[in-house]
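> The whole structure should be built from the sequences, with the hints applied where relevant.
Note that the protein sequences, when read in sequence, are chains A, B and C. Using numbering that gives the first Met the number 0, the first residue of the first sequence is number 0, and each one after it goes up by one. Using numbering that gives the first Met the number 0, the first residue of the second sequence is number 0, and each one after it goes up by one. Using numbering that gives the first Met the number 0, the first residue of the third sequence is number 0, and each one after it goes up by one.
Any given hint could be a false lead.
[Unchecked claim] If you want a taste of the chain C side facing chain A, the calculated C-beta under 10 Å gives, among others: (1) 152; (2) 175; (3) 177; (4) 205; (5) 208; (6) 223.
Hints in this document: simulated from the structure, not taken from any laboratory. Backbone N, C-alpha and C define an ideal beta-carbon position, used for all residues, glycine too.
As a plain string of letters, each chain reads:
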Amino acid sequence: MALRLLLFLWIAAALLGGFLWAPLVPELGETTRILYFHIPSAWLMAVAFGWSFLHSVLYLVRRRIEHDDQAGAAAELGILFCVGAAVSGALWARAKWGTYWNWDPRETTIFFLFLIYGAYLALRGAIEGEEKRARLAAVYSVMAFVTVPFLTFVVPRLYATLHPSPILPQQGERGSIDPRIVVCFTAMLAGFTALFFWVTSLRVKLVRLERRRAQSESSAA
Amino acid sequence: MSGATAVVSGALEVEALGLEHFYAGRRGLAAVSFALRTPGAVAVTGPNGSGKSTLLRLLAGLLRPTAGRSVVRLAGRTVEPAERRTIIGFVSPELAFYDELSCRENLVFAAEARGARGAEALARAALEPVGLDTRAHDRVTALSSGMKQRLRLAFALLHRPPLLLLDEPGSHLDEEGKALVERVVREQARAGLVVIATNEEREWRLAAERIELRGRGLGHPA
Amino acid sequence: MPPSGSNSVAAVWAILRKECRSEWRTRYGLNAALLFAVATLTAVSFAAGKLPDRTDLLAALLWVVLLFAALASLAHAFVREVEGHTLTFLRLVASPAAIAFGKLLFNLLFLGVLELVTVPLFLILMGAPAPRWGPFLLVLGLGSLALAATTTLVGAVVSQARGRGALFAAVSLPLLMVVLAAGVSGLRAQWEGNPVTAEVRILSAYAATMLGASLLLYDHLWED
Chain A
0 MALRLLLFLW
10 IAAALLGGFL
20 WAPLVPELGE
30 TTRILYFHIP
40 SAWLMAVAFG
50 WSFLHSVLYL
60 VRRRIEHDDQ
70 AGAAAELGIL
80 FCVGAAVSGA
90 LWARAKWGTY
100 WNWDPRETTI
110 FFLFLIYGAY
120 LALRGAIEGE
130 EKRARLAAVY
140 SVMAFVTVPF
150 LTFVVPRLYA
160 TLHPSPILPQ
170 QGERGSIDPR
180 IVVCFTAMLA
190 GFTALFFWVT
200 SLRVKLVRLE
210 RRRAQSESSA
220 A
Chain B
0 MSGATAVVSG
10 ALEVEALGLE
20 HFYAGRRGLA
30 AVSFALRTPG
40 AVAVTGPNGS
50 GKSTLLRLLA
60 GLLRPTAGRS
70 VVRLAGRTVE
80 PAERRTIIGF
90 VSPELAFYDE
100 LSCRENLVFA
110 AEARGARGAE
120 ALARAALEPV
130 GLDTRAHDRV
140 TALSSGMKQR
150 LRLAFALLHR
160 PPLLLLDEPG
170 SHLDEEGKAL
180 VERVVREQAR
190 AGLVVIATNE
200 EREWRLAAER
210 IELRGRGLGH
220 PA
Chain C
0 MPPSGSNSVA
10 AVWAILRKEC
20 RSEWRTRYGL
30 NAALLFAVAT
40 LTAVSFAAGK
50 LPDRTDLLAA
60 LLWVVLLFAA
70 LASLAHAFVR
80 EVEGHTLTFL
90 RLVASPAAIA
100 FGKLLFNLLF
110 LGVLELVTVP
120 LFLILMGAPA
130 PRWGPFLLVL
140 GLGSLALAAT
150 TTLVGAVVSQ
160 ARGRGALFAA
170 VSLPLLMVVL
180 AAGVSGLRAQ
190 WEGNPVTAEV
200 RILSAYAATM
210 LGASLLLYDH
220 LWED
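Put into C-alpha cells, the structure is as follows:
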C-alpha cells in the first residue's frame, strides 16, 4: 500500500517538476513538456514487449503457465502505452511541425508494433484452451519479435526512400541539456518502469484468480 | 495373417509415471502409473470421459502431459515422444484419412513419408488382410464407416510396429471385422505389445492385463 | 525405424506430392485464389487505368494484389488438415519439421502458379513498362519466399484458432510489412534503372530469419 502511494507521489512529483521546475528546451519550446510523457510511454512499450517476448520464450522452454500470464499481461499493457506514445507523439508533431502523422521512422515503428501486438492479442482471444493459447501465442510472439529489428531499422529507411517527406523532423536536442530536465525525465522513466511492473503484476494476479475460480467451479460441478 | 507380424528387435517397455492431463482447467486424465513390457496385450477400461483416449494419445506422443511422463524403451534405447510415431500403430475414432485420395494412395503416402522402400508393395500387403484389397482404388470418401475402420487397422499395421495403441478398435465393424481385430491383437501380443482402450467386454477379454481408469475426465477430448 | 535425415527429406517430398495431388483433385483452393487475384486486378485496373509512368504505383499495386491473393488463400493448406481432421494422420507419419517444410514448399509452388497468371496480366492491364527481368524476378522470387515462409508458419498457428479467415490476414499482415516495403522498393528500383541490391539483401535476410525461426518453432505447433 505504501509503495503504491510512493509511486504515485514519485510520478506526480516528476511531472510537476517537469512543468514547474525544469526549463524548456530552446528548440522545442513549450512542447518540451511532452518529453516527460511521450518518451517514457514509448520506453514502457519497449519494456512491455521485451518482457512479453521473454516470457513467451520461457513458456516454450519450461511450459509453466505463469510465463504465459506474464506474456499476455505485458502485451496488454504494452499496447496501451503504444497508443499513448503514438497519440502523444502525434500531438507533439502537430504542435511542432503542423501535421499529426508523418510516417517518419519512429512513427512507422510504433504503428507497426501496434499492429503486431494487436494481432497477438487478437490471436490470444481466438484460441480456446489455456495451454494451447499459451503455446500458440508464444510461437507468434517469437515470430513477431524477429521482425522487430527489420521494422525498427530497415522499413523506416525504405519508407523514407519511397516517400521522401518535405519536413525532416529532427528529434534530437542539440547541445547540452539542462540537468533539471534530465532529472525529471529520468525520474519519469523510473516511475513508468515501476508502474509497468506494478500494473502487470496486478493483471497477472487477476488472471490467476480467474483461473482458480474456474477450476473450483468445474471441480464443484 | 501374413505380413502383419510385429518386428520387435528387443524388448519393449512402456511406463507411465504419474501421467496426467488437464485441458481448459479440467482433468482429462487423472494421474496414472503403470509399467508394461512385451509380449502381451493390455486393456484400458473406464467410464466415458475417464481418459482412455487421452492416455493412448499421451503414450503415442501426440499429446503432451500436464504432469508426469511416459517412458518407452525399445531394446534398452529410450524412444522420445517426438519419435514414438516410428514405433507405434495407432487406431482411434478421430483418425481420418485424406478423402480425396484412395485407400492405396493414403497408405502409399504414409509409407513414403516414413521413408520406407517399396511403398506400393507395403500398401498392398496391408490392405489385403483387412479385406480392402478390392477397394484399394476407391476414394476414402466413398467408404463406409466400417471400411474406414478397416483402413485404420491397415494403417496401424503398415510398418509392423512393436507397439499397437488401439482406441475402440471394434467400432463400426461387423462380426467379420471384429474377428479381424481379435486376430490382429492375438498376433501382435505374441511378440509385440498391444494396448486396447475399450469398454467392450469382448475386446478387453483379449487382454491378459487390465488398467482401469477411474475419476472424472471431461468427455471425448477434442 | 529410427528417424534420420533421409527420412525427413522423404517425408517433405511425400507431403509436397500429396498436397499437389489433393489440390489437383479438389482444386477449390487454387481456383478461388486465381479468381480472387484476377478480381482484385480487375478492380485495380478499372479504378486506376493504365499507369505507364507511375512506377511507384505499379510496384505498390502489384504487391498489394499479390499480398491480398496470398492472404486469401495460403492459410488453406493447414485449414484443410484441421477441417478434415487429418492432422493426426499426418503427425503419425511425419515429424513437425517435415510437415511444416512440406507445406512451405507447397505454398511456394502455389504462390508461383498464382504469380504466373497474375503478374503478366498485371503488366499488360496496367500498361507497365517492360521490367528488367533479372532484378524483377529476383525481387519477386525472394519476396515470395519470404511471404510463403511467414504465411506458412502463421497459417499453422491460426488454423488452430477460431475465426480463421480474417484472423489469418490480420495476424500475417504486420509481419509482412517488411516484405511489402522491400518488395515495392525493389520493383520500383528495377523499373527506374537502379540497383536492387539493398532490397535483395533485406528480403533474403528476412526470408532466412523466418525460416530460421520456423526451425525453432515447428516442434511447438502441434501438441494435441
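> Just pull the numbers of the violated hints for me, sorted ascending.
Violated hints: none at all, because every hint is consistent with the structure.
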